[in-house]
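Residues per chain, in single letters:
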Amino acid sequence: MAAVYPLIFAALLFCVGVYGVLSRRNAVLVLMSVEIMLASVTINLVTFGEIAKARGDVLLTGQVFALFVLAVGAAEVGVGLALVLLLYRNRASVNIDEADLMKY
Amino acid sequence: MSDYAWLIPALPAVSAALIVFFGKRLPKGGAEVGIAAIGLAFLLSVGVAVQVFSANVAAVAQVPHAEEEARAGTEVAGLGAPGGLLAAAAEPEEETIEIPAGVSAFVRERSVQLTPFGGQYGFEAGIRVDGLAAMMFLLVCFVSLLVQIYSTSYMQGDPRYTWYFALLSMFTASMLLLVIGNNLMLVLMGWELVGICSYLLIGFWWEEKANSDAAIKAFLTTHLGDVGLMVGVITMWSLFATFNIGEIIAAVQAGTQAGGAALDTGLLTFGLIALFIGAIGKSAQFPLHTWLPDAMAGPTPVSALIHAATMVTAGIFLVARLYPVFSASATAMAVVAVIGTITLFMAGLLAVVQDDVKRVLAYSTISQLGYMIAALAFSYTAGIFHLFTHGFFKALLFLGAGSLIHAVHSNNMSDMGGLRKFMPWTFWTFLVGSLALAAIPPLAGFWSKDEVLAGGLEAGGYTGWLLVVLGSLGGMITAFYMTRVMWLVFAGEFRGHGHPHESPAAMKWPLAVLAVPAAVMGFFNLPFGTLHSRGFAAWTLFDLEYFTNHEAHFFLPMALGTTLLAGVGIVVGTKLYRQVPEREPMLELGPVSGVLVNKFYLDRLSTDLIVRTLVRTKLANAAYWLNDHVLDRTVFLLGVGTAKLGRGTYTYADQRGIDGTVNGLAGGAGFLGREVFRKFQSGNVQLYAGGMFAGVFLLAVLFATAT
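Going down the list, the sequences are from chains A and B. The first sequence runs 1 to 104 under the working numbering. The second sequence runs 1 to 707 under the working numbering.
This is chain B alone, in the form it adopts within the complex (with noise of 0.2 Å):
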């Protein structure tokens, strides 16, 4: 099955096509090759899914050790682990394990030599699939085929219906091929074409500036963080001589590089953090975050697929692909893990302030996009489980906020209110994902998340003590913002206008389905021993060295504490909001408020500080400056140059040179005939026979003297 994963980012591309050529002749105006193009790359990445899964939890099997970790495991959760939570972060380094030979995870790659420029300059593009490559075709196809669905019905009657489905399609492709890609330069295509199909789609309605604003905006950011990208791209190469993310792995963990010679770690840590600066734009980390509450701008069901599921976990997955080269570097892992904790934290709170109900949710990916890099610093597990629960519930979040702004017509909550007997569906399901989004046990959010803070508990340090403190917190704020958000939307008396009404059939039911796994997920990741070896944690494994020494922890007085600070954030929030406030209590904190509206003044700094004065006065007066006088300069006078050189031939080369050359000859041989020999012709019997004798006499001298 995984020899034909290939098929996976090929059938979207080819609907891509096939849409924007015929789409419009096509009586659902392309939706329908849409959606059979990402069904059955969907059934695909079942089947690759299946055929890995079960490789990798054969290959955890033949570990011993991993066995008896996970019996020694089981005994320690059934205890309730009495001071578990001291006596885990006090243990002793575990030692390594010796893996059996012949004995690895799961990793196919196939790939083609391009050479284009004859054998020198070869580009290899191929596939690798592995665990992580699976989880991640599921997540993509899965979220991306229920999203199309759901659109039929809320672009129904868009004039760009067609061109919307074709960009759907592309996005997807180009996601799915990020996620294949077996070197670094097939990523950073797949990079950059998801960054360009989320710009087209966040400006869809371009007609309004604020949208194309927003486009810009999103378009900017992110290559700011790209230019970090290619930074760390070029200088891996220089590491390693290779693009291929199999070897560079393999070089690491050798610690080796390009020509045998020593692991210079000074470069491998540079070249690690400018990949992050990568992933930090994408995955809209602090600072570059501020694109992405504007990128809502676009339609709801594409924030549902891009902003939410899939797009903005690029960082993630780019750090999870690298994982055993960001291990080798310790100063990469606590950048990672500083950045991604200021993330979760700082977006959380702004969450708290937002009106926009899109933006609620867009501020609090952007915190859990932050708990997935934080776990990723100490846990690869932790980090891409929540990655995947957090692609479905926020998915089911987003698609429910979409049906919201369906019925009301307006992406405020002072405009909703009471929706919960207008629109059961929309209410039931955004309850569960609201419930996972607060980590209420038992649904998906709550493993993932206490997974994480597990990670950053057993690492300890104070980048792993920020991650428990700071990521407790903010599972109090998810709790306390989503709170806040089903009292606003769903309870007290109708705010807007018109009357609300359920959704149809084609929205409702992507809802439904996505409910179930953001309710059960978190049971295919349970941290317990046998469990946990046999499940999600054993699946994604592409490393099986990484795996069997990172064992699972579960520490129940943690897992409590978070639990009840979630309680916390959920009374509080009730208490401020069952009875909708005259005025709104979080713009009522003084100081506190005005920072949050304003967002840290974080816009500010990048629009008001640097965009306005440094930008728009000193340095687009230079570059105009520059531009009028020297490019400008530069082009013109190479232009009148040209002007002058082609004049110059025209006359000289062309009409006198070429032209008189011809003209002459053809004159000459006029002259020759009119003047010269025509004389010769003069009818005179005599005259010819005369020449015809001289000729013969010449001859005949001729002939005598050359015998």
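Only chain A is shown next, with the shape it has when bound in the complex (with noise of 0.2 Å):
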């Protein structure tokens, strides 16, 4: 079935974007990794919509909530980045690893 190449290719991006939130020390960066693995759930979305239309689902269901996840995306950097602006503010560096300050 065709659709199993674009999932395998969501999964692979979310993958990517995993090793990213983990490894990356920059803030932005580890931001721009969970925007890639919410990339890689619409892309999902998407593909499963495909799936259901095949099945006679007209009201494109799965598409619709990808413009949504997109929506919603789009808010959520901008508060991520807001948060990354702050930290830059305040410590004059975005290394999440020396924001440690909730530790024992």
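No wet-lab data here; the hints were simulated from the structure. In this text, a Cβ means the ideal position worked out from N, Cα and C, and glycines have one as well. Errors might be hidden in some of the hints.
Now the in silico label distances, taken between C-beta atoms and shown as ranges [unchecked claim]: (1) T705(B) - V28(A): 48 to 54 Å; (2) F65(A) - G673(B): 43 to 49 Å; (3) A669(B) - G56(A): 55 to 61 Å.
From chain B, some residues computed to sit far from chain A (all C-beta separations above 10 Å) [as the list claims (entries may be wrong)]: (4) D158; (5) Y161; (6) I196; (7) T331; (8) N411; (9) G417; (10) L473; (11) H501; (12) N627; (13) T661; (14) G670; (15) A706.
With the hints in hand, could you dock these two chains into one complex?
Listed below in structure tokens is the structure:
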């Protein structure tokens, strides 16, 4: 089935995003990796929407949901960048290894 | 009325408790509570007596033969019984009289089953009201009431006045419990309770060592007998599997024992003699009589109540209570007769040499108790009738003696004399009591003592003749020593110190009231046919069969003979003591005096030989050694062992085991938190996120494999 390619692509993209979140030191890059994960999930939604359409769904639910996710993702990036900006203002650095005030 | 009979012992018991707790705050120190309670109990007992006695008379009237016998008896008496003595003695045994169906003597039993340990181990607590119990209620309540009134004056100003009245109430309650109990366990309880009250009252003035010694002696001596009583009660249980007196009597009359087997007469005799040993102790019979004269150490009203009228008659009451059972064993009855006869004669002789007026009366009491015991061996009615009359006139004599002691502050007759003009009330009432005791007709003592001797004469046999001969001689001795007391106390010049005076009203009136029954009580049981079956003999029976087969007899020659002997006693006494002799003639009889003064060496036997030689040297040392080396050692080792065990438990089980576990758990948790789990809280967001992803991955794998 042709749908398996976008799904595998989305899974790989998700893994790239996870790797980025866990390995980058720069908060901006971490935020970008999160966005990559979100994008992979959006691809998933579109793919499942196509599958549903093939089975008779006329409302294009998956595609519509993808649009919502993009909108919410934009808002989330706004919040995330604001957090990074504040972090930078307070510490003159965006290295998240140094932002460990909540340790023991 | 008899349904409320349980109130009779309950009232004084309640008053005893009230006096103990509130007596000191009351205006009369608790005496009024005791007197009110016993007064109510006396009224109740009169009501019970009226009901029981009239029911019994009605029952007797329905037995046809008793009426015929009665008429025949009247004729014999009317003829003056020519040669009656021999004729009666030779008379063949009367035939058994059939009792009409449905007619029986009055017996009311009510009981409750107490099962504190579950249904299997029940204990019956109940009352048995019959003629005998009703008679005892009357006697105990009446004497107790008068003694308590008397005591308000006699004990005035005593530091333990309230406690004294509490004890009197407690004693009265115990005695009534003993009387009312319908099974041997209750009787035993009452028996022990009167024993402890007697002990407390004899030693009432315990500041003097002699008094507390006397109390201990009385307690131990009577308890020697109580061992026998317990053995007897247990034997009765083993025979009949019941403590209920009515059931025991029924079983004996049916000739069966528990399980329906034929009665084991050998075991029954053993049990009865064991019971009688209890009676020997309590009723001061030979050879356990030695405690009673010493018991005079107590206050005199106590002697009147406990050691003359009531407690010492408990033994007689016990034998009377089980009379049909005792009748079943000729051997037991012979023992009863012989012990009683020995006691009555021996104690009478001892009374002759005493100087202490209370001791004279004490020995006289022992002697009269001997008459009762011996009488019971032959005739139920004679025994308890003598108990009844003796209760009144001996209480009268003791209260009179108390009045004398109150006046001259001494127990000794050598400190009295000439008191007739100082104390006329005491004199006249004492005279009535003495004449009644000396069995001078027509006072109460004559009729009851005559019935005792007539019972012995009619029964015949060696025990019967022993009672007749020694009993008649005992009557002479009684008359002699009472004459001696009368002359020494009331005639001549006053030999004591100070100015004697008549006692106050609270002491005079009880004397006067007691003098009435002492004088006239005999007329309630005249031994003449119809009167007999209407009077005391019918009132107090609880077993018709026995009564109808034991007619009363009156033997004029014997009555005349005993009166003559009493007269001889009086004349001899008057001759010797009219002028107060320089030296006591009774102490001038050579070896005889020595024997009498030393009480037949019976006290020596028990104190010197048994106590000193055997108990104090051998037994006491053995007991000491046993105590020191075995008991103490065991206790010591046990103690040390326990201490060691405790210490071990503390060190190992508690400190190391339990505390160690708790501390270890806490320490472990602390270590984990401090050294291990702390590391996870790094504050590194990526580490947390990594953990989260790992967890999600793990869950995903788990779900995948699960489906």
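Status of each hint after checking the structure:
1. T705(B) - V28(A): 48 to 54 Å: With Cβ atoms ~39 Å apart, the hint is violated.
2. F65(A) - G673(B): 43 to 49 Å: holds (45 Å)
3. A669(B) - G56(A): 55 to 61 Å: holds (60 Å)
4. D158: holds (87 Å)
5. Y161: holds (84 Å)
6. I196: Check passes; 79 Å lies beyond 10 Å.
7. T331: holds (102 Å)
8. N411: With a cut-off of 10 Å, N411(B) remains clear of chain A, as the shortest Cβ separation is near 100 Å.
9. G417: holds (113 Å)
10. L473: holds (116 Å)
11. H501: holds (106 Å)
12. N627: At roughly 72 Å from the nearest Cβ of chain A, N627(B) sits farther out than 10 Å, so the non-interface label holds.
13. T661: holds (29 Å)
14. G670: Holds: least Cβ distance 15 Å, greater than 10 Å.
15. A706: holds (21 Å)
Going through the hint list in order, the structure does not satisfy hint 1, though it satisfies all others.
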